[in-house]
Amino acid sequence: MPSGTSSWASKVLALLAKDLRAEFRTRYALSAVFLFALTTLAAVSVSLGAGGLPAAYLAVLFWVILFFSALSGLAQSFIKEAETKTAVTLQLATSEDVVYFGKWGFNLLLLLGLEVFLVPLFLVLLNVEVYQWWLFVTVIFLGSAGLVSSTTLIASVVAVAGVRGALFSVLSLPVLLPLLVPLVQVTEKCLTPGVMTPGTAELRILAAYAGIALTGGWLLFPFVWRE
Amino acid sequence: MWWKYLAGTLLAAVSVAVFILPPPQAQIGEASRIFFFHVPAALIGFVGFVFSAVYGARYLQRRDPAFDRKAAVAAEIGLTFTIIATFTGAIFSRVTWGMFWNWDPRQTSILAVLLIYGAYFALRQAVPFRDTRARLSAVYLLLAGVLVPLLFFVLPRLYPSLHPNNSLVSGGGEFAMTLPVGLTFGASLLSFLLLYFWLHQLADRAGRITEKLES
Amino acid sequence: MTGPDSTTASGIGFVVTASGVSKAFGRRRICTDISFVLRRGDRLAVVGPNGSGKTTFLKILCGLLRPDRGTITYHFHGTTVPRNHWHALVGLVAPDLALYDELTALENIRFLNDVGGWGKTGGQLRSLLGDVGLAGREHDLLSTFSSGMKQRLKYAAVLVKAPPLLLLDEPTANFDDSGAAIFHEVIQRQRAAGICILATNNKQEAELAERHIVMGE
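Chains as they are written, first to last, in my numbering: chain A, 84 to 310; chain B, -15 to 199; chain C, 17 to 233.
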């Protein structure tokens, strides 16, 4: 029985494809995340009116909306496995590395999907002008990678703990502080006219955060996944 | 045993010495004396975090419930001292800068530590089974332990600090690190550290007895 | 290393050892000092009333839970298999475990095949579904299945890996007569393929095994 014929990457992709297909059919996480993002953005936009906000405020609003929308849905894929008892099936179906990176990839795709929809809407509704597009896109990508890297592990913790509700956000936010601060700083630079700063220092911190969180999560995940 | 006597004597002596030995600081005056309690409390708050994470790692390695109990105890004491440091810091901030809270990097980082302790205990309370609780809370603290230090790189580069960095005890018209100042500070730090170990031992013993009574 | 690669369907050289395994949840004792050695062809029945810890014991056996004391070891031709490779050697059918409701029967076992790297072809997977009596229902969502059909699919799911250690918890739950026939067929084949452990309240099922452990005593 040749069982090692397919590579590690194809196993990760199999899990990713399964999650995408299941998500596409049930919209278990997607609808919650999108609606949360939309309602928050609408509430903010209605109360503030269009335009005239300083770049610093816009940067804060942008990331706060994104962080909380993400936190409303990123734990779903692990929680659902635990609640529908498929977690045991998955535990016995493959190695913990495959599960960790598969879920990480799924969460990243989910978040990027949210951003494709949320970012243009944010720019339009709040009349935001972006002055450094390249930096803006890079920052969003690095920020998302960091966000997903630390919250994937925390999502597994919450799922195993068997608690729903606020615990995921409670556990995630303190750990996300070192990410939120530089994200806001460098996003402000992208939205400020005239200042052409590369923001290398912040980008380095963002990349370091994502790298450390991904590695830490990968090393710690087996302790969560199996007793 | 002897070190407990030392801790008691030292704490009593330091409480008095703080008000006699060092001269009042030039600009802030008498209020500066809070420094001798504030800084050791903050350090012990951090020590509790480190010990808790180390015990958590030991638990994951050995799966001995005693390590989990010690991790929780270290976190409890660490949280207490962090709260003390936050309050004394806010008072100090009010006296020197005119407001209790101004998002100084030190205040931001101590808030992050407070939030992590809070999240840690929220997680512990949410999980009923001992083994699951032990391993999940250890994992969480270790993740926080590798990510939060990034704050120390992030913050200083982004905000200018008003905090009397080391300047309180170095030059700059602030506390001069004279012999009386250094002596009082050193004694205070040592007594806080001894107090930490004492509390740790007591709380650990109490935890062990509670576990025995429950089983 | 004894990874999944070297696993053969015949389970030759595969040995499971329990020595002094004990587990308790708080004050509730699940099992105390259980020891055995099982080899290919061995059948063990774990019996005992509801809530006596049969399910927990099976979870310890497949590495999902840790015993408080004692050890479980998997040996393959004399080498100890590390715990993070156990999943490739063990199959579990249990009420405590479910497949994906939002996928079809075929998608479910294709996913398990791909994520475990078992390399079975579409045709092989289809014939597995036929073996458990699900021919014609391959493309139906699992959410439309009755509990008996879901139980059949769980058998197909373990057959994907043809594990040298097969754990069956309440093996005939929700089964009709033809479902029960599948169970008998599977444990008959497992005699040659490796070890089979049954957790059951049913006397007749327990008698299919030559060795017994009584839980909750």
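Hints were generated in silico from the structure; no laboratory data involved. Among these hints, one or two may not hold up.
Said to hold, decoys possible - Simulated DEER-style distance windows between Cβ atoms:
hint : chain 1 : residue 1 : chain 2 : residue 2 : range
1    : B       : Leu174    : A       : Ala139    : 20 to 30 Å
2    : C       : Asp49     : B       : Asp48     : 50 to 60 Å
3    : B       : Thr116    : C       : Thr137    : 37 to 47 Å
4    : C       : Ser38     : A       : Leu121    : 26 to 36 Å
5    : A       : Leu195    : C       : Gly94     : 43 to 53 Å
6    : A       : Leu131    : B       : Phe181    : 34 to 44 Å
7    : C       : Ala40     : B       : Ile4      : 55 to 65 Å
8    : B       : Asn86     : C       : Ala40     : 47 to 57 Å
Said to hold, decoys possible - Computed list of lysine to aspartate or glutamate pairs in EDC-like fashion (alpha-carbon distance at most 16 Å, straight line):
hint : chain 1 : residue 1 : chain 2 : residue 2
9    : A       : Lys168    : C       : Asp156
10   : A       : Lys163    : C       : Glu118
11   : A       : Lys163    : C       : Asp117
12   : C       : Lys166    : C       : Asp117
13   : C       : Lys166    : C       : Asp156
14   : A       : Lys168    : C       : Asp117
15   : C       : Lys219    : C       : Glu186
Ideal Cβ positions, reconstructed from N, Cα and C, are used throughout, including at glycine.
Tested hints:
no., hint, result
1, Leu174(B) - Ala139(A): 20 to 30 Å, "violated, 44 Å"
2, Asp49(C) - Asp48(B): 50 to 60 Å, "violated, 20 Å"
3, Thr116(B) - Thr137(C): 37 to 47 Å, "holds, 40 Å"
4, Ser38(C) - Leu121(A): 26 to 36 Å, "violated, 54 Å"
5, Leu195(A) - Gly94(C): 43 to 53 Å, "holds, 49 Å"
6, Leu131(A) - Phe181(B): 34 to 44 Å, "violated, 53 Å"
7, Ala40(C) - Ile4(B): 55 to 65 Å, "holds, 58 Å"
8, Asn86(B) - Ala40(C): 47 to 57 Å, "holds, 53 Å"
9, Lys168(A) - Asp156(C), "violated, 20 Å"
10, Lys163(A) - Glu118(C), "holds, 12 Å"
11, Lys163(A) - Asp117(C), "holds, 11 Å"
12, Lys166(C) - Asp117(C), "holds, 9 Å"
13, Lys166(C) - Asp156(C), "holds, 12 Å"
14, Lys168(A) - Asp117(C), "holds, 11 Å"
15, Lys219(C) - Glu186(C), "holds, 12 Å"
The structure does not agree with the numbered hints 1, 2, 4, 6 and 9 stated previously, though it agrees with the rest.
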